[in-house]
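**Q** So the protein lines, in turn, are chains A and B.
Going by this note's numbering, the residue at position 240 of the first sequence is 240; the numbering climbs one at a time, nothing skipped.
Each position in the second sequence, counted from 1, maps to that position plus 376 in this note's numbering.
Hint data in this document are derived by calculation from the structure and do not stem from the laboratory.
Among the hints, a few may not be true.
Here are the simulated BS3-like cross-link-like pairs (lysine-lysine), alpha carbons at most 27 Å apart as the crow flies [claimed, not checked]: (1) A:K373 - B:K445; (2) A:K374 - B:K445; (3) B:K560 - B:K584; (4) B:K510 - A:K11; (5) B:K397 - A:K374; (6) B:K516 - A:K11; (7) B:K441 - A:K374; (8) B:K397 - A:K372; (9) B:K560 - A:K370; (10) A:K374 - B:K516; (11) A:K373 - B:K597; (12) B:K381 - A:K372; (13) B:K530 - B:K493; (14) A:K370 - B:K397; (15) B:K603 - A:K373; (16) A:K374 - B:K584; (17) A:K373 - B:K530; (18) A:K11 - B:K493; (19) B:K505 - A:K373; (20) B:K530 - A:K372; (21) A:K372 - B:K597; (22) B:K381 - B:K597; (23) B:K597 - A:K374; (24) B:K381 - A:K373; (25) B:K505 - A:K374.
Partner residues are not named here, just some residues of chain A that face chain B (Cβ under 8 Å, in silico) [said to hold, decoys possible]: (26) A10; (27) D20; (28) R22; (29) S23; (30) E208; (31) A217; (32) P219; (33) P222; (34) K374.
Chain A residues, not near chain B, derived (Cβ > 12 Å throughout) [what the hints assert, rightly or not]: (35) S72; (36) E206; (37) G228; (38) F365.
Fair warning: this is a prediction, and the values are worked out from it, not measured in the lab.
Ideal Cβ positions, reconstructed from N, Cα and C, are used throughout, including at glycine.
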Amino acid sequence: MNLVRIRALAKKEFLQILRDPRSLILSLAIPVLLLVLFGYALTLDVDNVPMVIWDQDNSQTAKHFILDFHNSRYFKIIGYYDTYQDLVWKIDTGEAMIAMVLPKDFSRYLGSGQPAPAQFLIDGSDSNTATIARGYISSVIANYNQHFFAHAVAGVTIVNPQPVSFKPRPWFNPNFESMIFIVPGLIVVIIMTIAALLTSLTVAREWERGTMEQLVATPVRPNELVVGKFLPYFCIGLFDLILSVIMAKFVFSVPVQGSVALLFALSSLFLCGALMMGILISIISRNQLLASQFAILATFMPTVLLSGFRYPIWNMPAAVQAVTYLVPARYFIVIVRGIYLKGVGIRDLWQQALFLALFAAAMIFLAIRKFKKKVA
Amino acid sequence: MISIKTSNLTRTFGSNTAVDKLTIEIGEGEIFGLVGPDGAGKTTTMRLLTGILDPSGGEAWVHGKHVVKDSESLKDDIGYMSQRFGLYEDLTVIENINFYADIYGVPRGERKGRIDKLLGFSGLAPFAKRYAGKLSGGMKQKLGLACALIHTPKVLFLDEPTNGVDPVSRRDFWGILYEMLKEKVTILISTSYLDEAERCRRVGLIDKGRLLRCDTPAAIKAEQGAKTLEEAFIRIITQQGQITNPLSQIPT
């Protein structure tokens, strides 16, 4: 390896990136765009579930019961109706997710000590949200019941309405905000995609423009070429990482709990692998269009779908789980979430780090090996 | 001393034979012209001799180095200008030259003198800070030549370097080549301009991958009783056509 040549190649590549507005925009705007888009749109929180009500009872008791839903931040009452037709229509159009129907005798039942039926029609087409909404309904009603008992039996008996008291203490994300879960994972998606996409063009472009034919007729070595191409993109990748970490903290209020130095060290390892993968794709395809499409297919999709970024891996069928072991983002996402949310150190993450190192080493080896100084 | 030597050098692409059993010898300090119609195999020959394409058969040595076995060390000794402009259009003239100087490992101490000389030769000095993509066709070719000469190669391969270049720039270009010949550089140049072929010490006429004639321009003209090289070549290629045409009409 000749350092002068590597420096010349890196400098050349860097100048070309600076002078090509497209690649600059791609490398700087896409991380911001992805963070904002995914950060805000990909919220998994279920808040303000739209609800319509048919209160047939119209008593003070029923109004009290409804008030509990009204006061909960999980529900948003969008209207009161007095036919089933109207309720069904609201659910059909998607304006409402839940329709509550309180029967005529609602308050009479409650006063008589018998269970009072309250009907909830739930749009179950989005099963996840429906399940969560159903949970909210249960907890509002459980709350109501508890207060009702307390009022009804105050000072009279020692009946305990809740034999076991449930005291959850969620760690790492106490308010269950999906942003806190999504944003660190998003950083993984951004680095993987940007890194591979940018570099996937770099060698192919030189073959297409004819500059590679000139370059392969010189004494430049494949390893020098690969490293020279890698360095400028490594700087861009680090810059994107810094940008993402800053945005995570100041825009999404998701700060790093653990060591920032460790986060950057392990991210660099991941970045190496991702960049080299892009270079490898570019070397093999020798065609920009093909290379960029393949890079997206090989990075964005598995990183979003198979890394555990959004869908828990333990929930996947065994065959798909086996495939996830080949997705480097799978390991990196554990690292990023570990450092970001749990504040864990290298002692807990060394296995994942080892996989990333192996991935990077394999990509470097293949890229250098596959680069042939031959035109055909 | 022999600078370029090939023996039955052959390259096929599928069923198409681009270079067919080419055997030539080119002496040190000689300027040798490779001429022939489009698709004759000139570019493939250049690529085989610069070690950026492996032959399907036969062998070749350039400056004593085997084009397959020593293809890496060969590259220190040669300069190559591909047919298509191969420099970085988004880099300036001087950035391109410095880039190739670094790639070839031109020592820092010698660099300034060489660059000044090449810029002076080529008339590129006033355009040193211009983007290569903004140069005229002739200027681009002279920049290509400057980059191929930055490490003072022993053998220079020029693939149709003056194609589409205006007459004044072509004259300048040849002026630089003559300067190189004084320094004993061997030059293999392919061209479709026969007035340029006349300037070569010897020319090789190739068609359909095969070397039809290889001699001095004067000898080839005399053999065909032609006034110009163009006339001589057209005669040779038509004769060749008359022999092969009846065969090619046989149904397959």
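**Q** Look at each hint and say if it fits the structure.
**A** Hint-by-hint comparison with the structure:
1. A distance of roughly 13 Å separates the Cα atoms of K373 of chain A and K445 of chain B; the hinted pair therefore holds under the 27 Å criterion.
2. The straight-line distance between the Cα atoms of K374 of chain A and K445 of chain B is roughly 14 Å, inside the 27 Å bound, and the hint therefore holds.
3. This hinted pair does not check out: K560 of chain B and K584 of chain B have alpha carbons roughly 31 Å apart, beyond 27 Å.
4. For the given pair, K510 of chain B sits about 21 Å from K11 of chain A by alpha-carbon distance, which is consistent with the 27 Å threshold.
5. A C-alpha spacing of about 21 Å is found between K397 of chain B and K374 of chain A, which places the hinted pair at or below 27 Å, so the restraint holds.
6. Distance hint between K516 of chain B and K11 of chain A is fulfilled; the C-alpha atoms sit about 22 Å from each other, no more than 27 Å.
7. Note on K441 of chain B and K374 of chain A: the hinted pairing holds, with a Cα-Cα distance of about 17 Å set against a maximum of 27 Å.
8. Between the alpha carbons of K397 of chain B and K372 of chain A the distance comes to roughly 25 Å, so the proposed pair stays at or under 27 Å and holds.
9. Among the hinted pairs, K560 of chain B with K370 of chain A is inconsistent with the structure: their alpha-carbon atoms are about 37 Å apart, more than 27 Å.
10. A threshold of 27 Å between alpha carbons decides the hint, and for K374 of chain A with K516 of chain B the separation of about 24 Å falls inside it, so the pair holds.
11. A threshold of 27 Å between alpha carbons decides the hint, and for K373 of chain A with K597 of chain B the separation of about 40 Å lies outside it, so the pair is violated.
12. For the proposed pair K381 of chain B and K372 of chain A, the alpha carbon gap of about 25 Å is at most 27 Å, so the pair holds.
13. Between K530 of chain B and K493 of chain B the CA atoms are separated by roughly 18 Å; this keeps the pair inside 27 Å, and the hint holds.
14. Between K370 of chain A and K397 of chain B the alpha-carbon distance is near 30 Å, which puts this suggested pair outside the 27 Å criterion.
15. Note on K603 of chain B and K373 of chain A: the hinted pairing is violated, with a Cα-Cα distance of about 44 Å set against a maximum of 27 Å.
16. Taking the CA atoms of K374 of chain A and K584 of chain B, the gap is near 23 Å; set against the 27 Å cutoff, the hint holds.
17. Between K373 of chain A and K530 of chain B, the direct Cα distance comes to roughly 21 Å. Compliance with the 27 Å bound is thereby established for this hinted pair.
18. Between K11 of chain A and K493 of chain B the CA atoms are separated by roughly 24 Å; this keeps the pair inside 27 Å, and the hint holds.
19. Straight-line distance between C-alpha atoms of K505 of chain B and K373 of chain A comes to about 30 Å, which puts the hinted pair past the 27 Å bound.
20. For the hint linking K530 of chain B to K372 of chain A, the alpha-carbon distance of about 24 Å falls within 27 Å, and the restraint holds.
21. For the given pair, K372 of chain A sits about 43 Å from K597 of chain B by alpha-carbon distance, which is inconsistent with the 27 Å threshold.
22. A threshold of 27 Å between alpha carbons decides the hint, and for K381 of chain B with K597 of chain B the separation of about 25 Å falls inside it, so the pair holds.
23. With a CA separation close to 38 Å, the supplied pair K597 of chain B and K374 of chain A exceeds the 27 Å bound.
24. In summary, the hint linking K381 of chain B to K373 of chain A is supported, as the alpha carbons are separated by about 22 Å, within the 27 Å threshold.
25. Annotation: proposed proximity of K505 of chain B to K374 of chain A is violated, straight-line Cα distance about 32 Å (limit 27 Å).
26. Interface restraint check for A10 of chain A: the shortest CB-CB distance to chain B comes to about 11 Å, outside 8 Å, so the restraint is violated.
27. Checking D20 of chain A against chain B by beta carbon gives a least distance of about 7 Å; that is within 8 Å, so the hint holds.
28. At a threshold of 8 Å, the smallest CB-CB gap from R22 of chain A to chain B is about 12 Å, leaving the interface hint violated.
29. At a threshold of 8 Å, the smallest CB-CB gap from S23 of chain A to chain B is about 11 Å, leaving the interface hint violated.
30. Hint on E208 of chain A is violated. Least Cβ distance to chain B is approximately 11 Å, over the 8 Å limit.
31. Given hint, A217 of chain A at the interface with chain B, holds; its Cβ is 4 Å from that chain's nearest Cβ, closer than 8 Å.
32. At a threshold of 8 Å, the smallest CB-CB gap from P219 of chain A to chain B is about 5 Å, leaving the interface hint in force.
33. Given hint, P222 of chain A at the interface with chain B, is violated; its Cβ is 10 Å from that chain's nearest Cβ, farther than 8 Å.
34. For K374 of chain A, the interface hint holds, the least distance from its beta-carbon to any beta-carbon of chain B being 6 Å, beneath 8 Å.
35. With 12 Å as the threshold on Cβ separation, the claim that S72 of chain A sits away from chain B holds: the shortest Cβ distance comes to roughly 60 Å.
36. Under the 12 Å C-beta cut-off, the non-interface status given to E206 of chain A relative to chain B is violated; the minimum distance is some 9 Å.
37. With a least CB separation of 10 Å from chain B, G228 of chain A falls inside the 12 Å interface cut-off, contrary to its annotation.
38. No Cβ of chain B approaches the Cβ of F365 of chain A within 12 Å, the least distance being about 20 Å, so the stated non-interface status holds.
Hint violations for this structure: numbers 3, 9, 11, 14, 15, 19, 21, 23, 25, 26, 28, 29, 30, 33, 36 and 37, all remaining hints satisfied.
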